[in-house]
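J.: Listed here are the chains, written in short residue letters.
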Amino acid sequence: MPLLHIAQLSKRYGTDKYALDGIEFTVDTGEFVAIIGPSGAGKSTLLRCINHMIPMTSGDVFFNDTSTKALPAHTLRTHRTQIGMIFQHYNLVNRLSVIENVLHGRLGYKSTAAGVMGWYSTAEKQQAVEILQSLGLSDHMYKRCDQLSGGQKQRVGIARALIQNPKLLLCDEPIASLDPSAAKIIMDTLKDINQRLGITIIVNLHQVDVAMRYAQRIIGINSGKIVCDATPHDLTPTIIHQVYGSEAGELILDFGEQHAQA
Amino acid sequence: MQSTTKIILRPWNAATLILRTTIISLIVITGYAFTTFNTRGVDFWAGVDMLGSNFQALLLSPQLKNITFVTMVHNLFITIGLGFLTTIFGAAIALGFALLAAQNLAPRWLTVIIKGLTAFIRAVPTVLWVLIFAVSAGLGSVAAVLGMTFHSAGYLIKAYAESFEEIDHGTIEALKASGANWWQIVFQAVLPSSATALLSWTFLRFEINFSTAIAMGAAAGAGGIGYDMFMASGYYLNLHEMGAFTYAVLAFAIVLEAGATRYKASLSK
Amino acid sequence: MHKLDFFTQKRLSFGLFVVVLIVLTYATIIFTEYNVAKGFTAIPKAVRWATANFYPDAASLKKLPTILLKLRDTILMSVASATVASFCAFFVAILGSQTTRINVWFSVLARGIATIFRNIDVSAWALILLFSFGQSSFTGYFALFFVTFGFMVRVLIETIDEVSTDSVEALRATGAGYFTIIAQSVIPSCLPQLVSWVLFMIETNIRSATLVGILTGTGIGYSFDIYYKSLNYHAASLVILVIVLSVFAIEAISNRIRRAVL
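Going down the list, the protein sequences come from chains A, B and C. When you line the first sequence up against our numbering, it's residues 1 to 262, in that order. When you line the second sequence up against our numbering, it's residues 263 to 531, in that order. When you line the third sequence up against our numbering, it's residues 532 to 793, in that order.
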């Protein structure tokens with residue numbers, strides 16, 4: 001069953017050239033999709049158009065078979081509550097405690113007064129504690145976020161997205177600022193969320209080998225256009241060359257092979 | 263059952279405690295301050311009421327009466343000149359002393375003495391330095407320049423010394439290792455690496471000194487446009503003329519600020 | 532054409548800079564009719580006079596209670612103006628910041644008003660406000676208030692854009708509303724910086740208040756003015772000593788608070 005359908009989506013910043021140009025693809029419930037491409041290809045813009053963090057120029061995004069093109073402010077908030085987002089720089093409020101940051105994921109469901117005052121129900125707090133436990137963060141619950149390591153911060157980011165009870169997780173370069181071992185923990189966590197909770201995941205990555213190892217499907221973007229849409233199995237060196245341009249492709253393939261041998 | 267235990271969200275710690283105490287103290291002190299205000303029979307609400315019409319007279323119908331436009335521009339440039347001179351003099355003095363106040367360039371006892379002295383100089387408001395010098399030099403531009411230079415030097419010594427201290431320790435170490443002496447290190451490593459920082463501090467001080475020069479014209483007989491403002495306010499009671507002076511001062515201050523912002527932006531590129 | 536070698540060029544441009552500065556300085560000295568010789572000879576004269584006359588004596592100590600009372604007025608006025616102005620400035624800064632503005636026009640308006648307020652010197656404000664409030668504390672209070680307000684709007688806009696852009700994005704993605712985002716993300720991330728800037732403005736305002744006091748006949752500036760004009764230099768020096776000590780004390784307290792909070 002299709003959860004998300006992107007239809008002829010285009011985005012143009014001012015009068016520059018198109019950042020996204022006629023993007024079209026469909027994602028089914030439960031899929032784990034990786035989007036790869038060189039920096040500046042439009043990966044971040046694409047993710048942010050899905051939850052309307054950036055207004056699209058033309059085209060449409062269908063979520064649950066409903067057009068989201070012209071949502072009134074209130075419905076837009078409801079739309080966003082169903083989609084969790086994870087960021088490269090974690091985007092936590094560093095001075096607040098871990099559990100407060102996790103509970104921020106509930107704010108989309110709240111009235112202005114409850115949101116401003118930060119009133120959370122016991123059930124919500126309980127859920128936050130459980131999610132933190134499942135991500136191995138229960139010892140850090142009351143620490144301030146600026147005392148955590150990068151990998152721990154990213155897990156707080158994931159917890160904040162999970163407490164939204166989302167149908168879809170958008171992950172924008174979630175491991176780009178992490179060391180390899182922390183990156184592996186995060187990717188394993190995402191895989192686990194996808195398989196155990198059945199949450200659909202779309203993740204922007206710049207490491208092709210990671211995408212091939214974790215994703216069921218890889219979409220390659222270059223200059224705002226889809227270059228390929230394939231399973232990891234079908235991803236040939238020729239296609240990678242098309243996505244990254246030939247010389248960069250060489251380098252990436254070398255890395256990929258070394259990684260595969262190791 | 264876990265759900266019976268209350269889950270707290272923000273545990274108390276020293277930082278939040280001090281933050282909240284500070285905020286509450288500020289609010290309490292502010293409330294108390296309003297009760298101590300010396301009204302001298304001035305009705306606050308009548309004053310606020312008058313403020314509106316006064317602003318209108320000030321900003322919407324500026325008009326010169328007692329001096330000509332040319333004189334006003336001349337006096338504005340006198341004020342700018344005082345700000346410029348005191349910045350240059352202050353910077354020249356500060357450059358020398360800052361080398362002796364930077365911990366990575368001078369012995370510790372010397373930096374402590376110089377930093378203590380400059381802290382004292384900075385703690386005394388500029389206007390008081392000017393008035394102190396005025397006793398022996400007489401009220402006027404000489405006392406104003408001396409007093410403002412004094413305060414500028416105190417400010418810039420601290421700023422320059424901190425800029426020197428921010429230089430990468432490795433750079434100095436590398437030159438020392440190659441056998442360079444103190445003067446060579448200063449001229450080949452310290453000054454070139456901190457030149458942009460020194461310039462931006464000096465420019466900032468010029469902005470401050472321009473404002474101070476206005477104030478010294480008004481409060482310490484230093485002449486310039488500050489004195490014109492003082493006369494318009496205290497002697498002629500002419501808001502329209504005050505408005506013209508305000509625009510003149512504002513125009514130059516905004517040009518300065520825009521210049522500083524552009525300079526900063528060009529540095530960060 | 533012969534190209535100058537690197538070092539010669541560098542030396543030339545530095546030399547030019549120095550020459551321009553010297554010429555400008557000389558021109559300014561002539562234009563402002565500043566008497567350099569008198570300036571130099573005034574310094575030793577001032578030192579000789581100060582060591583002979585400018586120190587607190589036993590008689591002046593009797594004036595200490597009166598001076599301290601005036602000092603209290605000045606400190607209270609500095610705290611009140613800095614606190615209230617910063618509070619107001621915070622709301623205007625929210626409208627002015629790129630991250631949290633409602634629309635571009637409010638933002639331009641907020642920045643414009645702040646520019647005007649901070650670029651009129653505090654002494655000029657005092658002279659302007661004398662028309663409305665006469666020789667009362669209100670004149671000084673509003674003069675300090677306006678300048679603090681203008682300054683704080685600028686630094687708080689920078690602070691908001693610097694520390695809360697990322698977390699604001701994350702909270703928008705969860706579907707949280709505008710006021711919720713301000714309360715849960717912008718305020719907690721900016722509060723420590725805000726308090727630190729308020730403390731800075733209190734220090735600045737104490738010095739400005741002295742100047743304003745001379746112009747409006749209030750506070751410690753007025754005390755100094757009276758003793759100075761009546762040639763009671765011992766008492767005047769005591770005023771300076773008291774100002775210096777209170778500035779040191781407030782700086783010390785501020786630094787303590789800053790270290791704990793930031």
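Keep in mind that the hints were calculated from the coordinates and are not lab data. Virtual Cβ for every residue (Gly too), placed ideally from N, Cα, C. Do not rely on the hints blindly, as some may be mistaken.
Stated by the list, open to error - From the structure, some residues in chain C lie toward chain B, with a derived Cβ separation under 8 Å:
#1 550
#2 554
#3 557
#4 608
#5 723
#6 724
J.: With a cut-off of 8 Å on the beta carbons, see whether residue 608 of chain C makes it to chain B.
T.: holds (6 Å)
J.: Closer than 8 Å between Cβ atoms is the bar; does residue 557 of chain C clear it against chain B? Give me holds or violated.
T.: violated (10 Å)
J.: If you take the shortest Cβ to Cβ gap from residue 554 of chain C to chain B, is it below 8 Å?
T.: violated (12 Å)
J.: Min Cβ distance, residue 550 of chain C to chain B: is it shorter than 8 Å?
T.: violated (14 Å)
J.: Is the shortest C-beta separation between residue 723 of chain C and chain B less than 8 Å?
T.: holds (6 Å)
J.: Holds or violated: is there a CB of chain B closer than 8 Å to the CB of residue 724 of chain C?
T.: Violated, because the Cβ-Cβ distance from residue 724 of chain C to chain B comes to roughly 11 Å (cut-off 8 Å).
In summary, the numbered hints that this structure violates are 1, 2, 3 and 6.
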